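Model the full assembly from the supplied sequences, consistent with the hints where possible.
First to last, the sequence lines map onto chains A and B.
Quick note on numbering: the numbering used here labels position 392 of the first sequence as 392, and the sequence is numbered without any gaps.
Quick note on numbering: the numbering used here labels position 66 of the second sequence as 544, and the sequence is numbered without any gaps.
Don't read these hints as lab results, they were simulated from the structure.
The structure displayed is predicted, hence computed values, not measured ones.
There may be inaccurate statements among the hints.
Unchecked claim - Which chain A residues stay away from chain B? Per the calculated CB distances, all over 10 Å, these:
(1) I14
(2) I17
(3) M19
(4) Y42
(5) I65
(6) K84
(7) N105
(8) S190
(9) G364
(10) F401
(11) T436
(12) K448
(13) N469
Claimed, not checked - Dumping the calculated DSBU-like pairs for lysine-lysine here, alpha-carbon to alpha-carbon at most 30 Å:
(14) B/K618 with B/K482
(15) B/K787 with A/K403
(16) B/K486 with A/K188
(17) A/K450 with B/K482
(18) B/K612 with B/K745
(19) B/K482 with A/K448
(20) A/K188 with B/K482
(21) B/K486 with A/K25
(22) A/K25 with B/K482
(23) A/K450 with B/K612
(24) A/K448 with B/K486
(25) A/K192 with B/K482
(26) B/K804 with A/K450
(27) B/K618 with A/K192
(28) A/K285 with A/K403
Unchecked claim - With the Cβ distance kept under 10 Å, some of the chain A side facing chain B (calculated, not the full set):
(29) T2
(30) I6
(31) F68
(32) K151
(33) F218
(34) Y232
(35) N306
(36) S387
(37) F458
From the three backbone atoms N, C-alpha and C, an ideal C-beta is built for every residue, glycine too.
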Amino acid sequence: MTFSSIEFLIFFFIIIIIMASFNIKFVRKNVSEEKIKKIKHYILLVASYIFYGWWDYRFCLLMFIMTFIAFYCAKKVEEDKNKKIYSFISISVPLLFLGVFKYFNFFIESFCTLFNITNVTSLNIILPVGISFYTFQSISYTIDVIRKDIKSQSFLNVALYISFFPQLVAGPIVKASDFLPQLEQEQKISLKNICIGIQIFVFGLFKKIVIADNLSVFVDDVFNNPNIFSWYTIILAVISYSIQIYFDFSGYSDMAVGTAKCLGYDFKKNFDVPYLSRNVSEFWKRWHISLSSWLQQYLYIPLGGNRRGKVRTYINLILTMVLGGLWHGANINFVIWGLLHGVALCVHKIYKKFRNNKKESKIGNALSIFATYVYVCFCWIFFRATSLSDVGTILTRIFMFEKGITQIFSWSIIAIIILIIGEIYAHVKSKKNNSTVEGFYVIMDLTKAKSLIILFTFIGIILGLAYTNSNPFIYFQF
Amino acid sequence: MQIKMFMKIIFAGIVSFFLLSILCLFYYNIPVHYSSETGATDYVWEKNKYYVRAGEGFSYGKTDSNGYNNLNIPNQVDILLMGSSQAEGFNVLQDENTAARLNKLLENKLSVYNIGVSGHTFAVCLSNLENAIKAFKPKKYIIIETQAFMTETELNNLCNNSIEEIPSSNVGITAQLQKLDYLRLLYSQYQSYTASRTKNNISVKENNSGDMKLYEEKLNQVLEKAQKLAEEASCELIVFMDDSLKKNENGIVLLRQEDQYYDIYKKVCEKNNIIFVDMYNPFAELYSLTYRLPHGFSNTRVGMGHLNKYGHEVIANTIFEIIKEKEEI
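Rendered as structure tokens:
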């Protein structure tokens, strides 16, 4: 069940109806607020497990075990009983699960390749959807308790935090300290929240099923057979991929934010016009914000951050980004992708010192945005290509200006235009508000007929232009 | 208050449907189809109707007064082109399809009339051949386009004259609803959505029993009959296969599938004095010289789907060469 499926829309409608029924006066009169809150949490928990079990019911058991470990260890840590042991278990066991399910075959195969060992059969391990996301959430909870940022919670709250279906399978990675306080109060279903949530959801749906999915047709064609395409078609495919992954993932995040909003919960934004970044450091403050802040808070800073000298800072940066790359998947391409970003972060740190915080001119800013985008696109080649030899083919064909099939894909042109218009609008809006460039949702007042007409027409366009072949969210594989 | 809101929602729904219908005029404006009165094809499109198709390729134009995709109706039909959506050429501009290009190449020495209609497989075309000859009285050639080999079931049905007719829902409320372009677009999206979930792309190889001798016998029986009908009309029959060059999943551009069927078709056609045009080599030449593929558009998977303008051009040139040689033009 994905957000863009009919099954989900039906499922979500039922959940909303059930949750809204607690607003009925009769229920409010006869049941205490505390009880209603608890029942609603139970309902959301069951709904989340149904949502997750829709892929494979066996995955639910894995999530339950992880939840139990996080809950139990956090309790013990708080009680100060064998704090070190329980802290170690609470972090290492989820990572062990992640390692087995996600990286076991990768390490075995890499080891065998390194030492030229043949005839080794790898285990056929299915990767549970979203495991990377809820592993990080479970770790986030226990670390926050260890750091005494939050108090340990009831099993119901921990289970709901880890499994909450809007963010379960592809993020955003919500921090325990951001989500758990929201469980302390009853989140009522309100018409205002539903109106806002629907608009954010529909916006995300457009990004996903109209732009990203239609682009996937061209991107898949080129990246699956790079050796038959002309150099400029490959460049267009790389640009298209940069837009596809942005619209796919940010579209999913929007749908998650919208779904949660309908239920009364708030998620922070996960993307913030990343392709307007002037350098790679800024890019990581705008791209997959929940992951980069998680890595910063729970990996980079514990490694020593920038507190242990220049060299150590650079090593920490590169290590964090390589591990961030590896988080995306068990593949050498992701490692190189992370490494490239890590190196760029180091280079930028050195450059910043060299520039001595001088302000860039307007042209300098524009050039920085362009250069950052080109570098990010270069890195996307490693991220998207199926193998290192494909990366070689792509780069060779681009730099040798090789001839081949030419495809100027219409959806790429449309997507580029939409992206540019959106970014210019964000830029102009920030100038008006005298603030830094920020992403935003256009939220209309749906009590007005004009707003309803715009929304219905927009939904109509989505239905008419949607890519109808099944195309899972890119980040589900991570 | 609630009634007012409800009325607003209804009003907004109607206005947005109207706006979407206007947008469809430039994106998906397709004529309704009606049962053919002549039987030359199972159905014809709404006559003299403007159309726009932008979902696969981009094309616009107007159907002729018979309901087919032609710029003009010639006074006398010398060459009759039959076939499926590939021959129909709704995905390219009207002057870029095979028939229009062939007309241009023939410089009014011979006239071509295209009665290709979507869904008309080789079997359907053969079953309609007699009526098509009666209706349009071609003088010189009958060209039948096909993109796939017939299955044994189709051959059996052809032998028993029991090929199922393609239905036209052109009466009652369905016909009225079909006139609403946005609804048709939604229906087509729904069909494509359900089709993607029930992938049913079985090749002739998988569909047939594998008894090639029997297949050849039946094909011979069917083509013998077709040739007889063409002969009676003093026409030569040309059959061309357009589905012979594509990009497959491994990136191999020159691809040939089901060779044994090509051989049988070629053999049976030659035996019955039917000209069999295999587009494999012309398409391969197009690719090797220009890196262009005959199928696919700038808004579809590369090399997949209907014939594009290059594909139509190559077919027109190939057929023109055959006719030129025969007619000494």
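Inset, instruction - For the pair we were handed, B/K618 and B/K482, check the Cα-Cα distance against 30 Å. - result: violated (69 Å)
Legend entry - Consistency of the no-contact label for A/G364, given chain B and a CB cut of 10 Å: holds (36 Å)
Inset, instruction - Please work out if A/K188 and B/K482 have their alpha carbons no farther apart than 30 Å. - result: holds (25 Å)
Inset, instruction - Measure nothing beyond the straight line between the CA atoms of A/K448 and B/K486; if it is 30 Å or shorter, mark the hint as holding. - result: holds (8 Å)
Inset, instruction - Take the C-alpha atoms of B/K482 and A/K448, compute the straight-line distance between them, and say whether it is at most 30 Å. - result: holds (11 Å)
Inset, instruction - Mind checking the CB of A/Y232 against every CB in chain B and telling me if the closest is under 10 Å? - result: violated (12 Å)
Inset, instruction - Say whether it holds or is violated: A/I65 keeps its Cβ farther than 10 Å from all Cβ of chain B. - result: Holds, because the least Cβ-Cβ distance between A/I65 and chain B comes to about 33 Å, which exceeds 10 Å.
Legend entry - 10 Å Cβ clearance of A/N105 from chain B: Given a closest Cβ separation of 24 Å, the condition holds.
Inset, instruction - Decide if the proposed pair is consistent with the structure: B/K612 and B/K745, CA atoms, cutoff 30 Å inclusive. - result: holds (28 Å)
Legend entry - Nearest-CB test (10 Å) between chain B and A/T436: holds (36 Å)
Legend entry - Given hint B/K482 paired with A/K25 - CA-CA distance at most 30 Å: Measuring from Cα to Cα gives roughly 24 Å; hence the hint holds.
Legend entry - Pair hint B/K618 and A/K192, alpha-carbon separation not exceeding 30 Å: violated (72 Å)
Checked against the numbered hints given earlier, this structure breaks hints 12, 13, 14, 23, 26, 27, 28, 29, 31, 32, 34, 35 and 36; the rest are met.
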